[in-house]
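Residue numbers (this note's numbering), protein chains in the order written: chain R, 1 to 292; chain A, 1 to 336; chain G, 1 to 249; chain W, 1 to 392.
Derived by calculation from the structure, the hints in this document are not laboratory data. Cβ coordinates follow ideal geometry from the N, Cα and C atoms, glycine included. Some clues are possibly wrong.
Here are some, though not all, of the chain R residues that point toward chain W, as calculated from beta-carbon distances under 8 Å [what the hints assert, rightly or not]:
| id | residue |
| --- | --- |
| 1 | T123 |
| 2 | P127 |
| 3 | A128 |
| 4 | L129 |
| 5 | A254 |
| 6 | T256 |
| 7 | R267 |
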Amino acid sequence: MLLDPEFLIVQTLNGLQLSALLFLLSIGLSVVFGLINFINLAHGTLFMLGAYFALSAARAFDSFWLVLLVAPVGVAVVGGLLYLVLLRHMQRADPMKQVLVTFGLIFVGLESVMIVWGPLPHTIDVPALLAGSSSVLGQVYPTYRLFIIALGLAVFLLLYLGLERTRLGAIVRAGVDNRTMVAALGIDIGLVFFLVFCLGCGLAGLAGVVAAPVFSIFPGMDMSVLILALIVVVLGGPGSLKGAGLGSLIIGIADTYGQVLVPELARVTIYALMALILIFKPAGLVPVRSGH
Amino acid sequence: MRERDPIQLPVAGLLAVIAVAAWFGAGYFGQELLAEIAILAIFAMSLDLLVGVAGMVSLGHAGFLALGAYATAGATVFWGWPPAAALAFSVAVAGACALGVGLFAVRLGGVFFIMITLAIGQMFYAYFFKARAFGGDNGMSGTPRFDLSPLGLETGDPAVFSALMLVIAGAVYVALLLLVRSPFGMMLTAIHQNENRLASLGCPVRRYKLAAFGLGGAIAGLAGALMAQHTGFVSPDLAFWTLSGEALIIVILGGSGSLVGAAGGAAVFVMLRDHLSDGSFWEGLRLSGDIATHWQLVMGLFFIAVVLLARDGLYGRLSWLVDRVRSAWRGRGGGA
Amino acid sequence: MSEVVFRAEGLRKSFGSLRVTDEVSLRLPAGRRHGLIGPNGAGKTTLFDLITGEVEADAGEVFLGGRSLNRAPPDARARAGLARSFQRNNLFPGLTVHENLALACALKHGIGHVFWRRLERFTALWQEAEENAGRLGLADHLGQRVSTLAYGTQRQLEIGLALVQEPLLLLLDEPTAGMSPEETSGILELLSSLPESLTLLIIEHDMDVIFGLAERITVLDYGRVLLEGTPGEVRGSDEVRRRYLGAAH
Amino acid sequence: MTRKTSTLAAALTVLAFSFPAYAADPIKIGVLLPSSGVFAGLGGDQTLALEMGFDDFGREVAGRPIELIPADTESKPNSGLAQFKKLVFKDEVDIVVGIISSAVAGAVRDAAHNAKVPLIISNAGNNPLTGEQCSPWILRTSFSNSQIVREMGPWMAAKGYNNVFLMAFDYAAGHQMMDAFREGFVAAGGNIAGEEFPPLGETKDFGPYLAKVKAAKPDAAFVFFAGGPAIKFVKEWAAFGLKGEVTLAGAGWLNSALYVKKQGMDAEGALGILNYVPSIDTPENAAFQENFRAAHGRDGSEFGVAAYDSARLIVEALKATGGATDDKAALVAAMREVHFEGPRGPFRIDPMTNNVVQNIYIFEVQPQGDSVAAIVQDVIPDVQDPPKGCTL
């Protein structure tokens with residue numbers, strides 16, 4: 001079956017699609033982790049929130065494109081509020097407390113979603129333009145999934161340009177590399193963190209919006225992606241854009257093929273991969289920090 | 001030394017008195033709760049040894065709990081072992097696995113240690129979820145309790161079983177307290193405070209951490225074996241990482257590093273969960289009983305509050321209070 | 001000249017493109033009081049880190065008592081007879097002075113792994129810690145938590161922890177940094193009371209201290225050995241004066 | 001407290017104790033359903049229907065009011081067990097009803113058996129619960145996994161589907177469903193084109209598996225998915241171009257009344273087999289659906305019906321005992337005698353296994369108005385499980 005070209009093409013596209021989603025989801029987590037060594041377990045919750053915001057926005061507006069814009073902004077605002085109210089004060093706390101505060105947020109998020117939108121699953125429609133299927137190398141493939149791949153790629157390129165070409169990008173790069181130095185240059189590093197944090201939350205929200213038509217929207221969709229996103233971050237190297245891209249690609253492809261080819265081990269192998277990377281390359285495949 | 005932690009034994013004594021009083025006063029259900037608290041306390045204390053004493057924050061500790069529970073379930077149901085032998089087997093299996101895992105995990109620190117333990121705990125979860133022999137996701141029932149009929153005791157009776165659990169929890173506490181106050185325990189405390197300096201004084205830090213990790217895993221396995229006996233049932237949920245998270249909350253709530261605090265935290269946690277999810281509790285507060293449906297929201301907020309406000313936990317607050325009262329007393333004595 | 005206790009051969013270390021230690025070699029006979037000086041960033045503390053193994057060397061070898069320590073991690077080197085104090089106080093802040101010292105004693109006697117007996121039950125060890133506290137002038141602070149001590153007192157303990165180990169070679173990284181003149185003279189008194197057989201390598205910015213104490217001095221600059229000689233030779237060297245002494249004073 | 005009121009209170013206390021305790025004593029019924037965790041949605045649905053059932057069939061028997069005490073299982077076995085014990089030992093309920101998840105049912109099973117309190121399972125379908133692990137104290141009003149699916153194999157083989165692909169999540173229920181289908185289908189001469197068991201809950205993507213279905217080129221696929229994943233599966237089935245190429249058939253939860261309208265036209269043409277569909281044409285069902293729609297604005301589901309029938313079972317059994325609940329054995333005996341025409345057709349408890357005996361419906365999803373609905377194609381009456389290892 002591995003040599004069957006039809007299977008290979010469709011499966012590879014599936015892998016890329018999952019990679020694109022994982023990338024959107026994990027890049028925010030990765031940069032925040034890299035910048036302030038902060039693990040946000042509630043990142044999956046923001047993903048879920050993105051999907052639910054999309055649900056409400058889709059009821060309010062008719063345009064999917066508007067939803068695609070509004071819902072992530074909504075999530076970014078929520079993220080920003082969380083930062084200002086709660087997380088900002090946690091930066092100096094030890095990692096355990098950071099992890100546990102965001103752990104508490106998972107429960108709060110889950111129940112809030114159930115109170116507002118109810119416990120039953122919801123769906124939103126794919127926009128007419130992207131509904132249906134396209135032909136890729138002779139294979140029928142859902143157009144919307146191609147759109148997800150393209151979106152992931154576009155966001156990667158935009159972030160890459162942003163990091164390389166803008167002043168904010170340069171500060172972020174420097175901040176991941178050596179935080180005290182940036183602070184010593186008299187840059188308001190707190191503001192930079194805030195902006196980056198909001199952007200990361202917005203991207204998680206964007207992943208939620210994009211995922212909503214494919215996955216259906218239900219309480220608990222946060223848990224199903226959180227651990228995968230953490231694995232991507234660790235694998236690629238915290239704080240690295242290229243690392244997040246590479247990690248997403250590896251996990252997306254490995255998970256897609258692994259599930260089908262060795263279903264007995266599918267999930268165990270991915271956790272084991274994360275453990276191995278942590279042991280032998282704790283800084284990830286694309287390490288950013290230059291030693292001290 | 002004695003000055004450093006003056007309220008440890010008084011608080012432990014107080015808890016013991018409360019436990020005994022509760023045992024006498026409790027009905028059937030109260031004793032079930034008491035047994036649950038005792039087992040959770042053992043689990044929380046084993047985590048406290050890692051987190052509070054040695055400073056190793058594990059988010060995969062539930063994996064060893066599950067391992068112990070499954071080992072007991074397997075040994076009793078498949079091989080027909082007596083529960084006591086199965087218990088020893090559980091402790092050995094969980095301890096050995098913890099040592100194996102620790103070999104790699106103790107090389108990492110801080111956030112990375114949290115992440116690797118999370119990954120490994122989830123590995124156990126994924127494994128048990130698929131383990132057809134153990135009923136997969138449906139879990140497996142049929143684990144028997146200790147057979148104390150030669151002593152004329154029926155462990156099926158919650159009164160007997162909860163008393164037994166309290167005794168075991170007490171024994172684990174005493175053992176851990178002795179350990180913490182031994183030179184080895186002192187080393188673990190010092191590792192928590194300043195690992196590098198301890199190494200430069202000649203301490204093979206990783207080996208000590210490994211020993212602590214293995215020991216913590218073994219005791220978690222003990223808790224798991226008791227839990228399997230208590231519920232008669234094992235399921236993959238025991239290994240899920242949120243249980244490790246809840247145990248961490250318990251440790252912080254009680255006061256990390258204080259052992260007896262972890263036990264007290266377990267009691268508070270179980271009672272709180274029991275009340276928050278009970279409609280009549282909310283009605284008692286003159287609120288709508290429907291809030292009970294969303295009790296996890298309240299629990300989540302409580303978690304956040306604990307982490308933000310608890311600082312050194314219930315035990316720490318108590319300690320501080322006693323200090324204040326004492327110095328006020330001394331101040332008055334000095335003036336007179 | 002007595003037997004060489006400590007030998008470092010061609011130690012090298014780079015961080016990125018910056019070479020912080022460059023072909024440094026050092027030989028110390030037993031009982032030598034040896035000074036290490038140089039401008040900020042000369043690589044003095046890094047050299048200590050390389051000797052104790054806290055930083056892994058790119059090249060070079062370290063011998064103590066004829067044994068190569070190259071493969072050994074810091075704790076094994078400590079057990080082999082290396083002890084150091086740190087430039088910045090590096091203690092166990094939540095423990096008492098007594099406990100800090102008892103820890104070091106317990107490790108020296110190899111009973112750190114004992115878990116079945118309470119630490120206080122090791123009366124001899126407990127007493128040894130107390131005696132050491134007396135020797136270090138810390139007797140009054142025995143039961144106090146380190147975090148509540150004044151800076152100078154902490155500094156005394158910092159050096160004391162290393163002394164308790166009874167090492168073959170003692171590395172002191174700026175022992176008097178940040179101390180008042182009275183405190184400094186206390187430390188000097190302590191150092192001069194050390195047994196003759198102890199070998200001492202000491203980094204110090206206070207030139208009066210170093211010239212009073214050291215028999216020989218190595219001057220580091222940009223990670224290289226600029227000069228090694230007696231205090232008189234070092235003081236007399238034009239190059240040292242130009243590069244370092246002049247700038248510092 | 002003044003002297004006067006305290007005397008009054010004392011008098012009242014004396015009065016309270018001098019009456020026979022049971023006269024106005026409420027009949028306590030523990031409702032063991034999740035309000036959190038993965039099955040919170042189904043728990044909510046059953047809670048609504050249960051309440052409606054007691055409204056319809058009576059909230060009072062022989063002068064004793066019926067009191068419902070909810071307890072959240074969190075869809076977790078250990079919490080479910082703890083809550084069961086709380087209901088039985090603390091609240092001292094007379095009957096426990098509920099349980100969505102088979103894992104929770106497995107955890108509660110021994111405790112219920114030992115406590116000798118009637119437990120009515122209103123959803124969890126794990127086969128052994130009314131098979132080798134059956135208990136005289138545990139009745140099931142919903143279904144067993146194989147009871148639902150068993151007849152589908154022969155039916156599809158008879159309709160000319162010879163080559164069928166199987167797919168379900170890799171968990172106990174998934175395997176039980178597929179085993180039951182495979183057994184009947186292969187015995188009827190069918191061929192299994194392939195089978196896939198994606199990991200439960202972690203499959204964010206059915207694409208890889210659909211690619212395999214495509215490559216196997218079967219006549220039909222028989223699958224079991226429920227809830228959010230069911231919606232997703234049906235949508236992706238269409239998006240990958242399988243709709244119209246390969247017939248999609250499933251254990252009927254694939255197109256549950258709870259969400260078939262959200263699947264919309266993508267579900268059209270799907271076949272299903274289930275113990276209930278809203279389109280059953282009987283006066284009992286019409287009345288139930290009318291009430292449910294009026295109260296909640298949507299169709300009642302198979303989950304709701306099982307809870308609704310559970311309420312009726314309880315009330316009728318209580319009527320038979322004259323409201324007496326002290327003799328639990330008599331109460332269970334009364335329950336086993338109850339039979340009635342419910343929304344899903346004739347309802348009774350199988351004395352051999354304590355599992356429900358009920359009609360099983362084969363339906364097709366067809367367009368209806370601007371949406372879709374499950375339309376009954378065939379009815380297999382009075383489906384009963386063989387007493388596999390159960391000796392009651």
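Hints versus structure:
1. T123: holds, 5 Å
2. P127: violated, 13 Å
3. A128: violated, 13 Å
4. L129: Cβ of L129/R sits 14 Å from chain W, so the hint is violated.
5. A254: violated, 12 Å
6. T256: With a minimum Cβ separation of about 5 Å from chain W (threshold 8 Å), the hint on T256/R holds.
7. R267: Constraint on R267/R satisfied, holds at 6 Å.
Violated hints for the displayed structure, listed by number in ascending order: 2, 3, 4, 5.
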